[in-house]
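**Q** Take the sequences, apply the hints, and build the full model.
Here the protein sequences line up with chains A and B, keeping their order. Using the numbering used here, count along the first sequence one by one with no gaps and you end on 289. Using the numbering used here, count along the second sequence one by one with no gaps and you end on 140.
Heads up, none of these hints are tricks.
Taking CB as the label site, the calculated pair distances span: (1) A/Asp84 to B/Glu92: 39 to 45 Å; (2) A/Asn130 to B/Ala107: 55 to 61 Å; (3) A/Asp107 to B/Val55: 53 to 59 Å; (4) A/Asp159 to B/Met3: 41 to 47 Å; (5) A/Gly86 to B/Glu13: 27 to 33 Å; (6) B/Ser56 to A/Ala23: 54 to 60 Å.
Covered stretches of chain A (chain B as the covering partner; in silico rule of three or more C-beta atoms under 8 Å from a C-beta of chain B): (7) 47-60; (8) 205-215.
Computed cross-link-like contacts, SDA-like style, restricted to lysine to any residue with a CA-CA straight-line distance of at most 20 Å: (9) A/Lys47 to B/Asp82; (10) B/Lys120 to A/His220; (11) A/Lys36 to B/Glu13; (12) A/Lys215 to B/Gly67; (13) B/Lys14 to A/Ala41.
By construction, these hints were calculated from the structure, which means they are not laboratory data. In this text the structure is predicted, and so the values were computed from the model without any measurement. From the three backbone atoms N, C-alpha and C, an ideal C-beta is built for every residue, glycine too.
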Amino acid sequence: MAVGKEIRTKIGSIKNTQKITRAMEMVAASKMRKTKEKMLATRPYSKKIGKIIKHLAYANPEYKHPFLVSRSVKRIGIIVVSSDRGLCGGLNSNLFRKLLGQLTIWDKAGFDVDVCTIGTKAYSFFSGLNKTTVIGHTSKLGDTPHLNDIIGIIKVMLDAYYTGQIDELHVVSNEFVNTMTQRPNIEQLLPIVSSELDEQLSNRHWDYIYEPDAKEVLDHLLTRYIESIVYQGLVENNACEQAARMVAMKSASDNAGNLIKELQLIYNKARQAAITQEISEIVAGAAAV
Amino acid sequence: MTMSVHVDIVSAEKEIFSGLAEMVFCPAEMGEVGITPGHAPLITKLNPGEVRVKVSNTESYPFFISGGLLEVQPHVVTILADTAIRAKDIDEASAIQAKARAEEILANKTSRVDYASAEKQLFQAIMQLRTLERFRKRGS
Numbered sequence: 001m002a003v004g005k006e007i008r009t010k011i012g013s014i015k016n017t018q019k020i021t022r023a024m025e026m027v028a029a030s031k032m033r034k035t036k037e038k039m040l041a042t043r044p045y046s047k048k049i050g051k052i053i054k055h056l057a058y059a060n061p062e063y064k065h066p067f068l069v070s071r072s073v074k075r076i077g078i079i080v081v082s083s084d085r086g087l088c089g090g091l092n093s094n095l096f097r098k099l100l101g102q103l104t105i106w107d108k109a110g111f112d113v114d115v116c117t118i119g120t121k122a123y124s125f126f127s128g129l130n131k132t133t134v135i136g137h138t139s140k141l142g143d144t145p146h147l148n149d150i151i152g153i154i155k156v157m158l159d160a161y162y163t164g165q166i167d168e169l170h171v172v173s174n175e176f177v178n179t180m181t182q183r184p185n186i187e188q189l190l191p192i193v194s195s196e197l198d199e200q201l202s203n204r205h206w207d208y209i210y211e212p213d214a215k216e217v218l219d220h221l222l223t224r225y226i227e228s229i230v231y232q233g234l235v236e237n238n239a240c241e242q243a244a245r246m247v248a249m250k251s252a253s254d255n256a257g258n259l260i261k262e263l264q265l266i267y268n269k270a271r272q273a274a275i276t277q278e279i280s281e282i283v284a285g286a287a288a289v
Numbered sequence: 001m002t003m004s005v006h007v008d009i010v011s012a013e014k015e016i017f018s019g020l021a022e023m024v025f026c027p028a029e030m031g032e033v034g035i036t037p038g039h040a041p042l043i044t045k046l047n048p049g050e051v052r053v054k055v056s057n058t059e060s061y062p063f064f065i066s067g068g069l070l071e072v073q074p075h076v077v078t079i080l081a082d083t084a085i086r087a088k089d090i091d092e093a094s095a096i097q098a099k100a101r102a103e104e105i106l107a108n109k110t111s112r113v114d115y116a117s118a119e120k121q122l123f124q125a126i127m128q129l130r131t132l133e134r135f136r137k138r139g140s
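**A** Written out as structure tokens, the structure is:
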């Protein structure tokens, strides 16, 4: 029957799309499991090093490391972590929107902003933006990134901080809350500020014993700290990407299902109307004879 | 009751040990250190070698670490290892292999960069084997 050929092809094409989104959903689900494991495995290290740094902020070392001293701000550096690929819901756009709000605030305050990007999406976003300068970029790190992959751009930023080119360093990435929720997060890395007060540590005047000497140990420790925070941001963002993609693809599959149902109904109605009309035509013809 | 101190050992990959101990021995850069409860605050780099956590007189846990950092607060000791393995999980065969490989590179003396990294690897392999050896000796 010639009725509703367009509707049938439409249904067929939606079914094909649904197959693709369903496959992507399953791939994302299995990748999420892996990236989440990786994220949970590296969390203790970055938590512990964060704790040490917090203690350190209360110590009173004779050697003042530049990372611990705040100075008047003229230029700000940010490291933006994003995904390489799209089709992951609002993950990247939520992050960029939050960041744009912050950028406007900095812009009003008269700060210039230098950006290092991790991931293709962030690069294409910031290279189109004329408020900021992109000074470093890396992408295509895959699902299991290595610390070595990001040491380069961290070094670019740390050198810029040492030479006084930038006066603050922030890292922007998504925080993995659970599979359904990912929270865009802007965190200040440098100078190191301690947010919570620890009564036990802040009440008295004390310092560490440094072996072999304060400069060497602190240089090593603080660089490690920055690397571990950025790395944690990266693996966390990876887990977020897979989770967001899984959710987005699931809702895409569901929407495709609804669409197919509606179209099927329209098709059935059209078909029924055509049959009824044909019968009444035959009956009318018979009556006329 | 004997005094005890909380010890956390984490590597970049996972948390290895967390719990109370009477004493911790670490291969600090300036020489081996033993940390008891109430030690003054200390931060130091660690060399590759054996970390031993003494939980009681009869019980202690040895680990191999490939270098890292040690932080001491009076009530808590934190060891940030680059990589850490329990002594009993050390793969003796691969450690011997790594040692042989490093020795071979050192014997050939190709380039300076190679030389330095090979020396480091050799040191790590030797320390790994020594940790294992000591673990066995104590065990028997």
